[in-house]
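Residues per chain, in single letters:
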Amino acid sequence: MSRGPFAAFSGVRWGDFLGVAPFLIFAVLFLIVPTLYLVVGAFIGQDGSLTFQNIIDLGTPQIVSSFWISIRVSAASAVLGSAFGLLIALAIIRGRLPSGIRSTVMTFSGVASNFAGIPLAFAFLSTLGRLGLITVLFKTYLGFDIYRAGFNILSFWGLTLTYCYFQIPLMILIIAPAVDGLRKEWNEAAATLGASNWQFWRFIGLPILWPNLLGTLSLLFANAFGAIATAYALTGSSLNIVPIVLYAQIRGDVLNNPGLGAALALGMIVITAVANVVYLVIRTRAERWLK
Amino acid sequence: MKRGKLWAWIVFLLGALYFLVPLLATFQFSLSIRRDALSFDAYANVLQSPTFQQTFLFSVAIGVAAIIVGLLIVVPAAYFVRLRAPQLRPIIEFVTLLPLIIPPIILVFGYIRMYGTSNPLFFLRLTGTDVGTNILLTLAYVGLALPYMYRAVDTGLRTIDVQTLTEAANILGAGTGTILMRVIFPNIIVAVLSGAFLTLAIVIGEFTIASLLNRPAFGVYMQNVGANRAFEPAALAVISFIITWVAMGMIQLLARFAPRTAARTD
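So the sequence lines, in the order shown, correspond to chains A and B. If you count by the working numbering, then the first sequence holds residues 1 to 291, one letter each, in order. If you count by the working numbering, then the second sequence holds residues 1 to 266, one letter each, in order.
Bound conformation, chain A alone:
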C-alpha cells in the first residue's frame, strides 16, 4: 500500500479504510472529477481534438469585459468589506462598548454572512431601487434624486454595496479572533516605552494583523467572485459578471461554443483557486503569531 502518492494510506487498516471510503468516493465522484472534467473540456475542440482555441477565444471583448467587471466588483467589495469589518471588529472588541453589543454583533454577523443570494437582492431593491425606501425618502424630504445624481442599484457600485452586506459580517467573524489575540500587555508595554496610540498601530498592531488582513482579503475576493444569485436577481443580465455569462452559457449556449463555456469555467476556477490558496498559505503563516 505504500506506493508513491498513496503513502498517506499506508498503515491504514482495511476496516478503518472502509469508514473513510464513502467520504473519499463522494469527494472523487462529486467534487474532484466533475471539476477536472470541465478543466479537460476547456482544451477539447468541437471536433473532439486537443486545442487551445477555447482559451484563446476567452480574449473576445465581451468575455474580457465580463472578467474585468467581476474582478472589479469582487476586489472593491473585498477591500471595503475587510476595511469596515476590521473597524467594526476593533470597535466591538477594543472600543469599550457595553458588553452585550459584542455578542449581538457576532450573532448578527453569523446570520448576515449567510443572508446572501436572492433575498439579499430583494432587500437592496427595496432599499435603494428606484422605488426603494431610501431613494424615496431622499427625493421627498431632501429633494435629492440619487438616480438622477448617477446612482443605480444595477451598476458596479450598486452591486458592490450589496455584496458588502455579506462581506463585512464574514470579515468580522474571521478577524475577531485575531483582534482578540492582540494582547493588552503589548499596548501597555508600548505605552511604557513612550509610544503614541498611532505608533502602536503603525508598528505593532497592524503588522501583527497584516497577514490576517491579506488572507481574509483574498478569501472575500473569492467569495464574491463565485457568487451569482444576488447579482442575477438584482441586475438580471444588465451587468455581465463572469458567473452570469457562464449561467447564460449553461442554460442556452449563448456563446455558440460549448468548449468556450468550459474555458470560462476554467478561468473562474483558476482565479478563485489562486485567491483561496493565497488565503490558506497566509493563514497558516499568520497563526504562528496568535498563540
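Watch out, some of these pointers could steer you wrong.
[Unchecked claim] Covered by chain A, according to a simulated footprint, are these stretches of chain B (three or more residues, beta-carbon under 8 angstroms):
1. 19-29
2. 84-96
3. 125-135
4. 198-205
Honestly, the hints are just simulated from the structure, not real lab data. Yeah, the Cβ is synthetic: ideal placement off N, Cα and C, and Gly gets one too.
Chain B: place on chain A using the hints.
Okay, now just chain B, sitting in the frame of chain A:
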C-alpha cells in the same frame, strides 16, 4: 479613554445603520402593497400560493436528505481519522475545503456535463429522470455543506473522549457499527444538529444549482417572483431572513447544551 469610546460608537452606529436600514426598508416595502394603508397582503399572497408551499417543502426535503447523506459519509470519516488514521487528516481536510474553492456554478456545470444525458455509461445519466436529478441536487448540497458539516462533527468529536468510549464499548462487545450509531453519534448530537441547521440555512434558498438542474426549489421560486412581482419579493426576503435567523438562533441555543467532558489528556 473617552475618545477611544467615541470612535467605537461612531463605527458601531454607522455599521448598525448599514445593516438595519435595508431590513427596515424591506419590511416597510413588504407592507405597502395597498396604496392607502399598510397591510400584510403581500405575505398572505406569498404564503397562500401553492407554488410557495410546494417549493419550500421540496427544498426542505432535499435539505434534510442532504443532511442525512452528509452525516452518513462525514461521521465515520471524522471518527476513523480521529481514532486510528490521523495520517489521512490532511487529505480529508483538503477535501472539505474544496467546496469553498470551487464555486457552485462550476460544480453544477461539471455535473451537467458529467452526469448529463450524453454520458456513455447509462446508469450515470442522472439528469435524465426527475429522481436522478433530485439525487444529483441532494449530492450537490452535500458537497456545499461538507465544510460546515465536517467542522461541526470534528469539533463535536474533540469534546468527547473518543478512544475511551470506543474501548469501553469494545469490551462490552459492541461492533464498529454499533459504536458509531449508539455511542459516538448520541454524544455528538448537539454538534451534529448545529451542522444540520447551518446546512438547512445554506440550502433552503439556494438558487444556482437548483435552477441549472431545473428543480422546483425555493430559490428558483423566489427568483421567479422577483422577476414578476413588486411587493411579494420583499415579503419573501423578510421570510428568508427570519428563517436564517431561526437556524442561527438554534445553533446558538444548542451550543449551551453541548457536553463538556474533557478529552483524555495522555
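Hint-by-hint comparison with the structure:
| no. | hint | in the structure |
| --- | --- | --- |
| 1 | 19-29 | holds (count 9) |
| 2 | 84-96 | holds (count 8) |
| 3 | 125-135 | violated (count 0) |
| 4 | 198-205 | holds (count 4) |
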